[in-house]
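Peer 1: Sequence:
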Amino acid sequence: MSTEPAILARVSNEFLDYQYEILGIREHMHAPDVTEICVNRPGELYLERRSGWQRVDVPSLSFERARQFCTAVVNESNTGQRITDADPMVSLTFPTGQRAQFVIPPACDAGKVSITIRLPARFGKT
970 MSTEPAILAR VSNEFLDYQY EILGIREHMH APDVTEICVN RPGELYLERR
1020 SGWQRVDVPS LSFERARQFC TAVVNESNTG QRITDADPMV SLTFPTGQRA
1070 QFVIPPACDA GKVSITIRLP ARFGKT
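Numbering (our numbering) for the sequence shown: 970 to 1095.
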């Protein structure tokens, strides 16, 4: 398990938006009150909003789709990292300021993938 800081990924916004759409999270990525998106098991995700956490059903979000998302984003990131059974955890920072961590088996339960995307603040402190 790596404790090193996330590496800056060199990946286009268009590529990320396409991947978010395939994963079924694009609409949430652009919601003004969402600060974090977590996928921990097929079929559901959790959104952290200013008002608290919300569970959202996403029937199209399969294990295979989540794993393909992780592989595609890491491979496209141009960081030299790979996500494999031997290296099952990757942390990245996207040019837009989003921070992401991807975890696949065996670092998490079989049949599950952990995807956490922390969104940069879109509003000022009051």
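Honestly, I wouldn't trust all of these hints.
List of simulated lysine to any residue pairs, SDA-like, C-alpha gap at most 25 angstroms [said to hold, decoys possible]:
(1) K1081 x L1016
(2) K1081 x Q1037
(3) K1081 x Q1023
(4) K1081 x Q988
(5) K1081 x R1034
(6) K1081 x S1031
(7) K1081 x P1001
(8) K1081 x M998
(9) K1081 x T1062
(10) K1081 x P1057
(11) K1081 x G993
(12) K1081 x D1056
(13) K1081 x A1041
(14) K1081 x A1055
(15) K1081 x I991
Treat the hints as calculated values from the structure; they're not laboratory data.
Peer 1: Hint by hint, which ones does this structure get wrong, listed from lowest number up?
Peer 2: Of the numbered hints, just 7 does not hold.
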